Amino acid sequence: MNSLDSRFCRVGDTFAQKFSQAGRYIYDFNLPGLDQLGKENGRFTISVAKAGDNKPEPKQHFVNVRVAEKKLIADPPNLEIAAGDVVLWSTNDQSTPGFSVSGHSEKDSFNSAALAREALYSHAFGSPEEIEWGDMNGHGLSGKISVKMPATKTASDMDSFKELLTTGTVVTIRGGKAEPAQVSVLVGQTVFFAVEKAEGVTITDRRLKVEIPVLQ
Amino acid sequence: MSLTQGEHIFGGVHETGINDLLRAFFTARPRYLRYGTPAFVPATTVMATSVPAPSFFGLNIQFQIWCDPIPSVDITPGGAGSAPLMPGTNEFTVKTNLNFTVVINNGPPITGSLAVFALCRPFVAVSTPGTGQIGITVIRVEIVDITPNWLESVVEGLVLGILQTVLATVRFPFNTITAGAFGLILLVGPTAETDQIKVRGNAL
Amino acid sequence: MPDILVAADEAAATELLHDAETTLGTLSRSGSRSLGPFNVSWSASAFLAGGAVDLIVPNVIRISNCELHYNLHFAFSFDLSNIIPDFCLPQICVHIPFIGNVCTPRICVNWPTITIPVNFSDVVRFTADFTLNAHLSGSNWLIDAVIVGIPNLQISVAAAAILAALGVAAGAILLGIPFIGPFLAGAVVAITAAIGIAGITGLLGPILSLFVSGLSFNIYRQPRVFNVLPASLPLDPAVNINLNSIAASVSHTNEDELLIAVEIS
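Chains as they are written, first to last, in this note's numbering: chain H, 1 to 216; chain B, 1001 to 1204; chain D, 2001 to 2265.
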């Protein structure tokens, strides 16, 4: 499965969150739409220390998500970072189910199924297609991505293609707007959806929308 | 010359085979060999056929007639045993002994036996393709050593009727002549020749 | 001279054979085997039809251009990683003004194990000699025409067609695998090259041979106790004879004929 859906990260997807505020965050993997974790819940921690006066260069921290004993595991389970650092979650195992990450500290929270602030979702596109994407949380955000097949007939074509794989396309989201709203990439390339500030949005292929019956 | 000649299927039953068939027929249905008036055969059974007593100048004539041995055939060209009535072209001789017991007006039974030769031809009794049947036509009868000749002719006339009745019941289905190998559409025959009854035709 | 002698010319023998082919009906076989990196499971059904009969002394029916109509279903299973190299998404770094520098990890895509279904139907013609075998089986007399040896089946064209169908089917299956697109054409070529015509021929030949090896047509079946006349009136029982022996042969005079000789009692 290679669906565009920030609520379920799989191989080829990443979720990254910048931690600007100091604090101790506990987090876990959830189904999107569940209530926020209670203060006592969450198996994993991120301890964010205040930035020092010398303001060192922000760092990125990698968390590998995998399955162990039938549960999703964050590896490493506990991080100690400085304010301004970025934590990026991803998986390299195709058998890992789609996951969403959410957590909170005393004063702050983050949720990959409701991107709000200084957050990033990236997706590598695996098939040629035209995708109209939207926000499943109903905030009106939308965009379009055209995925084309690269030319790979010759060795030279293949070399060019491999070079292009190292470049990413960035779509910036502010409020209810995506900029640019339409992008064109090749199969294998990655688009980064960077949320500066929004009301908790998802980046989801509209074809994945499921009509959920409402009890009368 | 091939057996099928201008047709596609040939079936031939040798006279030994015909005799096996006759034996099987009359062993299963012996009533077609034995006929009697009510005094001898009160009612028709598997073993004997009841016939009405004849009316002849008020005489009470009761009789029983039976063929023993089971009739056997000699298909042309005939052997020495058919000398009294040699089969000709497309003919075969049927031989048997006609045995009888006659009682007139409750008198003492009169018994006897006649060696009978019948000249016969095969004919198509039922022509339906696949399920047709070959039958036997009796042309004439020869009884040896009855004198004077006029008496022999009278007796032969009576025996002709008896044998026509006996042999009219015999049927050889096409399926038997081809031993079940083919459903036969009969086009040529039946013919009696070279000691065989032969048929030719096409497969159903 | 046998009690009953039946003769059929080549035209009637041909009808007899065609009826026997129809009676034989559709045969089915299935199996599996390895073909290099591929596991192949297959199921096949076939029926025979047509053919011209030549009767040959003393007891041979030669059937020319007998048609073997067959329908095959293959399922080729293999680990795609054994055919094409795995694909790796390189590390990508971007600068986001309000986040900073972000880099994705290098991720390698492990190609899955896939199964490619291929269906193929065709007709192959063959010529073979059959010998006549009359025998008693239980309470029935049978005459079977039994194939001599295993005929050579010309399957090169079919093998090429199957390989082409495999390529088309592979393309359709592969299309659903993420990130395969740039490598699809090469993957299909690699798959068909890995099997090759020789592989398909080696697969197809033994399968079809199963249907002709030991092939036997039953051209005569009658019970040993043969019913001449069924029971009719209540006082007329059935008339039966015994078929004591059956012999089948081919004779030649001015034409060739199939002969069935029967002794009865």
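Calculated directly from the structure, the hints in this document are not laboratory data. If you're wondering where the values come from, they're calculated on a predicted model, not measured in any experiment. For every residue, glycine included, the Cβ atom is placed at its ideal position computed from N, Cα and C. Some hints here could point you the wrong way.
As the list claims (entries may be wrong) - One side only, chain D facing chain H, incomplete, derived with CB under 10 Å:
id	residue
1	PHE2087
2	PRO2105
3	THR2115
Holds or violated: is the Cβ of THR2115 of chain D closer than 10 Å to a Cβ in chain H? Interface hint status for THR2115 of chain D: violated (17 Å vs cutoff 10 Å).
Against chain H, with CB atoms and a cut of 10 Å, does the hint on PHE2087 of chain D hold up? holds, 8 Å
With a cut-off of 10 Å on the beta carbons, see whether PRO2105 of chain D makes it to chain H. holds, 6 Å
In the structure shown, a violation is registered for the earlier hint numbered 3 alone.
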